[in-house]
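Q: Sequence:
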Amino acid sequence: TYDIVAYFGLNAMDDQQYQTLKDYVKQGGKLVISLGQLKTEGKDPRELLSAAIDDDLLGVKLEKLPMLVKGKTEINFQGCKGTVDGYYEMVPTKAEPLARTKDGKPVVVRHLYGKGEVYLYATDYVSKVDQTCNMAFLSKLAEPSKLIGMTPSSSWMEYTVWQKGGTYVIPIFNHGRIKFPSGNGSD
1 TYDIVAYFGL NAMDDQQYQT LKDYVKQGGK LVISLGQLKT EGKDPRELLS
51 AAIDDDLLGV KLEKLPMLVK GKTEINFQGC KGTVDGYYEM VPTKAEPLAR
101 TKDGKPVVVR HLYGKGEVYL YATDYVSKVD QTCNMAFLSK LAEPSKLIGM
151 TPSSSWMEYT VWQKGGTYVI PIFNHGRIKF PSGNGSD
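This note's numbering applies: residue 1 is where the sequence shown begins, and numbers increase by one.
In case anyone wonders, no lab produced these hints; they're calculated from the structure. From the three backbone atoms N, C-alpha and C, an ideal C-beta is built for every residue, glycine too. Honestly, I wouldn't trust all of these hints.
Claimed, not checked - In silico EDC-like links for lysine to aspartate or glutamate, alpha-carbon gap of 20 angstroms or less:
(1) K26 to E117
(2) K61 to D103
(3) K94 to E63
(4) K61 to E96
Claimed, not checked - If you anchor each label on the Cβ, the simulated ranges turn out as follows:
(5) D15 to E63: 14 to 20 angstroms
(6) M135 to K102: 32 to 38 angstroms
(7) K94 to P144: 21 to 27 angstroms
(8) K72 to P92: 19 to 25 angstroms
(9) L112 to V161: 25 to 31 angstroms
(10) K81 to L112: 22 to 28 angstroms
(11) V91 to Q131: 44 to 50 angstroms
(12) Q16 to S139: 30 to 36 angstroms
(13) G114 to I53: 17 to 23 angstroms
(14) E96 to Q163: 25 to 31 angstroms
Sequences and hints are given; from them, build the entire structure.
A: Structure, rendered in structure tokens:
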């Protein structure tokens with residue numbers, strides 16, 4: 001299996017995809033995902049997948065339409081002071097909070113499940129959390145997966161190299177230079 005599966009962009013979750021991710025984590029995988037990627041396809045407001053609400057994979061209590069706290073909020077993400085641009089309220093039941101607001105509300109949690117672990121962001125996208133704090137956390141998480149650098153460097157691009165058997169996989173994520181859905185690009 002891959003060391004880490006991370007959802008960074010727009011997604012519509014279905015039961016089959018959710019079960020595949022659940023099996024992956026149970027067998028020892030690491031999953032990085034936000035609540036936005038657990039929403040079903042359909043009309044707005046999009047609801048969270050029912051299986052995600054009633055399941056123990058995430059280690060939190062969720063509502064079908066969780067309350068969104070809008071605007072920038074200060075957070076502490078494992079010692080890194082930053083902000084989150086909107087977050088959903090969730091209640092950890094078994095998950096360990098890694099990032100919290102000044103009021104103690106969880107923004108990122110970690111939950112051990114089977115032989116693996118889930119890192120759940122209470123946001124629409126992982127990129128809604130402060131870039132500096134996020135990069136420090138994700139770099140540390142991906143370190144065993146051989147994080148590399150490219151030249152010339154770009155704060156818009158994220159990339160890692162993973163080895164599976166004799167094959168190397170290099171996923172490249174562009175977090176900017178587009179206006180939707182990331183909203184990070186200015187041009």
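Q: Each hint should be assessed against the structure and marked as holding or not.
A: Okay, the hints, checked on the actual structure:
Note on K26 and E117: the hinted pairing holds, with a Cα-Cα distance of about 8 angstroms set against a maximum of 20 angstroms. For the proposed pair K61 and D103, the alpha carbon gap of about 18 angstroms is at most 20 angstroms, so the pair holds. A hinted pair counts as satisfied when its Cα atoms are at most 20 angstroms apart, and K94 with E63 qualifies at roughly 16 angstroms. Straight-line distance between C-alpha atoms of K61 and E96 comes to about 13 angstroms, which keeps the hinted pair within the 20 angstroms bound.
D15 and E63 have their C-beta atoms about 19 angstroms apart, which keeps the hinted 14 to 20 angstroms range intact. Judged by the Cβ atoms, the range 32 to 38 angstroms given for M135 and K102 is violated: they are separated by roughly 22 angstroms. For K94 and P144, the hinted distance range of 21 to 27 angstroms is satisfied, since their beta carbons lie about 24 angstroms from each other. Our hint of 19 to 25 angstroms for K72 and P92 holds, since their Cβ atoms are close to 23 angstroms apart.
Separation of L112 from V161 is about 26 angstroms and conforms to the stated range, judged on CB atoms against 25 to 31 angstroms. In this structure the hint that K81 and L112 lie 22 to 28 angstroms apart at CB holds, the actual value being about 27 angstroms. Between V91 and Q131 the Cβ separation comes to about 27 angstroms, which falls outside the hinted range of 44 to 50 angstroms. For the pair Q16 and S139, the supplied restraint of 30 to 36 angstroms holds, since their beta-carbon distance comes to about 31 angstroms.
Range check, G114 to I53: Cβ separation about 19 angstroms, and the 17 to 23 angstroms hint holds. One distance hint, 25 to 31 angstroms for the beta-carbon pair E96 and Q163, holds here, with the actual separation near 29 angstroms.
Consistency note: the structure conflicts with the earlier hints numbered 6 and 11.
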